[in-house]
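There are 2 protein chains.
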Amino acid sequence: MDYKLFELGNVPLQCGITLRNAFLAYKTYGTLNAEKSNVIVYPTWYSGQHYDNEWLIGEGMALDPSKYFIIIPNMLCNGLSSSPSNTPPPFDKARFPLVTLYDNIQVQHRLITEQFGIQKIALVTGWSMGAQQTFQWAASFPDMVERIVPFCGTAKTWPHNIVFLEGVKAALCADGAWNNGWYTEQPYTGLRAMGRVYAGWGLSQAFYRDAIYLKLGYSSLEDYLIGYWENLFFRRDANNLIAMARTWQKGDISANPTYNGDFEKALHSIKARAIVMPGDKDLYFTPEDSEYETKCMPNAIFRPFRSDWGHFAGGGASPEDTKFLDDSLKELLAS
Amino acid sequence: MDYKLFELGNVPLQCGITLRNAFLAYKTYGTLNAEKSNVIVYPTWYSGQHYDNEWLIGEGMALDPSKYFIIIPNMLCNGLSSSPSNTPPPFDKARFPLVTLYDNIQVQHRLITEQFGIQKIALVTGWSMGAQQTFQWAASFPDMVERIVPFCGTAKTWPHNIVFLEGVKAALCADGAWNNGWYTEQPYTGLRAMGRVYAGWGLSQAFYRDAIYLKLGYSSLEDYLIGYWENLFFRRDANNLIAMARTWQKGDISANPTYNGDFEKALHSIKARAIVMPGDKDLYFTPEDSEYETKCMPNAIFRPFRSDWGHFAGGGASPEDTKFLDDSLKELLAS
Numbered sequence: 204m205d206y207k208l209f210e211l212g213n214v215p216l217q218c219g220i221t222l223r224n225a226f227l228a229y230k231t232y233g234t235l236n237a238e239k240s241n242v243i244v245y246p247t248w249y250s251g252q253h254y255d256n257e258w259l260i261g262e263g264m265a266l267d268p269s270k271y272f273i274i275i276p277n278m279l280c281n282g283l284s285s286s287p288s289n290t291p292p293p294f295d296k297a298r299f300p301l302v303t304l305y306d307n308i309q310v311q312h313r314l315i316t317e318q319f320g321i322q323k324i325a326l327v328t329g330w331s332m333g334a335q336q337t338f339q340w341a342a343s344f345p346d347m348v349e350r351i352v353p354f355c356g357t358a359k360t361w362p363h364n365i366v367f368l369e370g371v372k373a374a375l376c377a378d379g380a381w382n383n384g385w386y387t388e389q390p391y392t393g394l395r396a397m398g399r400v401y402a403g404w405g406l407s408q409a410f411y412r413d414a415i416y417l418k419l420g421y422s423s424l425e426d427y428l429i430g431y432w433e434n435l436f437f438r439r440d441a442n443n444l445i446a447m448a449r450t451w452q453k454g455d456i457s458a459n460p461t462y463n464g465d466f467e468k469a470l471h472s473i474k475a476r477a478i479v480m481p482g483d484k485d486l487y488f489t490p491e492d493s494e495y496e497t498k499c500m501p502n503a504i505f506r507p508f509r510s511d512w513g514h515f516a517g518g519g520a521s522p523e524d525t526k527f528l529d530d531s532l533k534e535l536l537a538s
Numbered sequence: 204m205d206y207k208l209f210e211l212g213n214v215p216l217q218c219g220i221t222l223r224n225a226f227l228a229y230k231t232y233g234t235l236n237a238e239k240s241n242v243i244v245y246p247t248w249y250s251g252q253h254y255d256n257e258w259l260i261g262e263g264m265a266l267d268p269s270k271y272f273i274i275i276p277n278m279l280c281n282g283l284s285s286s287p288s289n290t291p292p293p294f295d296k297a298r299f300p301l302v303t304l305y306d307n308i309q310v311q312h313r314l315i316t317e318q319f320g321i322q323k324i325a326l327v328t329g330w331s332m333g334a335q336q337t338f339q340w341a342a343s344f345p346d347m348v349e350r351i352v353p354f355c356g357t358a359k360t361w362p363h364n365i366v367f368l369e370g371v372k373a374a375l376c377a378d379g380a381w382n383n384g385w386y387t388e389q390p391y392t393g394l395r396a397m398g399r400v401y402a403g404w405g406l407s408q409a410f411y412r413d414a415i416y417l418k419l420g421y422s423s424l425e426d427y428l429i430g431y432w433e434n435l436f437f438r439r440d441a442n443n444l445i446a447m448a449r450t451w452q453k454g455d456i457s458a459n460p461t462y463n464g465d466f467e468k469a470l471h472s473i474k475a476r477a478i479v480m481p482g483d484k485d486l487y488f489t490p491e492d493s494e495y496e497t498k499c500m501p502n503a504i505f506r507p508f509r510s511d512w513g514h515f516a517g518g519g520a521s522p523e524d525t526k527f528l529d530d531s532l533k534e535l536l537a538s
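So the protein lines, in turn, are chains A and B.
Here the first sequence stands for residues 204 to 538, where the numbers follow my numbering.
Here the second sequence stands for residues 204 to 538, where the numbers follow my numbering.
Treat the hints with caution; some may be incorrect.
If chains are identical, the list can't say which one is meant, so a pair holds when it fits in one copy or spans any two.
To be verified - Keeping only pairs whose Cα atoms sit at most 20 Å apart, straight-line, the calculated SDA-like set for lysine to any residue is:
1) K296 / N382
2) K468 / N434
3) K453 / L424
Derived from the structure by calculation, the hints contain no laboratory data.
Working from the sequences, and respecting the hints, build out all of it.
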């Protein structure tokens, strides 16, 4: 195994349930310097695991492990950190409790401080739900986070985004094999259906109009729907996917005692210098929502991707978009 | 029953199968004048039946039955015209053949000419798949159709629209009760899941952001998702819904011997004066696709709805959008 586990012990969650003997799976890249001033935290996205983030890390890139100590914490419920699939009864499977973004960042903070003794983070960045965790980091620990680059994600999950996820969940759960989470083998038909539903949302109308999937090595639309989208979820545990979707749907950096639901106050409280980077054709983390949020942040620049890749402008498969992102990361890290 | 049946006999379809003892269900409003010059044809939309179109008809409106003879033909597979649910074996249920938009307009043409002896149609108009049938009318019978107002629909089904429908179909078919169409009772879980998937597509991000559903009498987002979206498909036959989705996915006014797949030629061949009216926030029949198509038509005006209702700008529930549409219909009918 190419990652480490950080034992969290018993973690009381916002929902009121305690996650017992919980753990975070994480991987680090590069070396922590003596001043502990070269730290980058880079959370994972929906269904992603740490290795799915590695495309943005490399020599000569902004996230250069010869300069920075980069930590990728796996989001709770992603199958490597504590999840429905790896927690013993009675809190396993369908009984795994609701985990919020706030809960995630609280335990990531413990990893950063208890395991590494880090007091300042040079940069938090992430894609999609990773961007949501980025915002949560900056709102939960405004004096600790110096810079953020959330890309293709918002500080709260806006209503249409919630509706989109209702469709994704419904497709998975329509499979009788799902059995309310008490399946004996994965509900493969539902997992594949979920991928097909997601396919229309992940990319833009222009992506499909211009058959950009052909550049990815897929030979037809159907080849892409099966080869990429069905495969993406087919390999995951259904309860984990539903649990992460619930985390996502509840996303709101102000849904905690610090801000008591005052969303604009939470955004105003972010001290980090920020470049907020939505995809201009993202269908669920919309540029309009990002622009509004950015205006509420004191030190933030709004810089959308101009891309036909929709949400996947930040997914690493589009070289132009990756360069645009990497340049912004370099710019902010140099400031 | 408030509609009539037109017996079609045996109808050879584009797919090579013959639909035997086929019939069209239709309803008329107003009186055909002596010159047969006051005819409006107004096809139905996906899952809709003739009565779902009636909101656009009325005294003082463009579609005024005191002036016009308005014919609403029910689309094949919609449960009233020949459909998987009402066709006897062996071509019933999952064995019901693929019906194209071309096939639909061929049999509607027979209704118009054989039943009523009509040679000119003053206007064809329709929403969504009704708009697609409108384009098909104008391309299949360019010398017969004088005016068209297709709203929230395109002359072919563009790739992203096909992907969106893949998700809708997959959600329905993930329900094991679907049984490849050989169900003994409706796959209700799948039908409800399909509604939840559709909910995110039907309206715009702004519609949900501003909770416009509250104006429709729904008390919460969940109340709307169940009360409108689950209910919309829950009442329909699953094979009929899949059959209409297939018709939709194959939509292309040039996919026939007249045009041999030359889409721009088919658009150029439309002689009707046209006002093409997409929703500017429609997520699957996009304004970009409509604008391109309109530019290929010789006598067409591009006039998008400016509306937060997305695809449902043309659904009849938004009074401002309905007035905008009705005014355009009046303008074109007066020309």
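To see whether the hints hold, each was checked on the structure:
1. K296 / N382: Within one copy, since 11 Å is at most 20 Å while 27 Å is not.
2. K468 / N434: neither (41 Å within a copy, 39 Å between copies)
3. K453 / L424: between (33 Å within a copy, 14 Å between copies)
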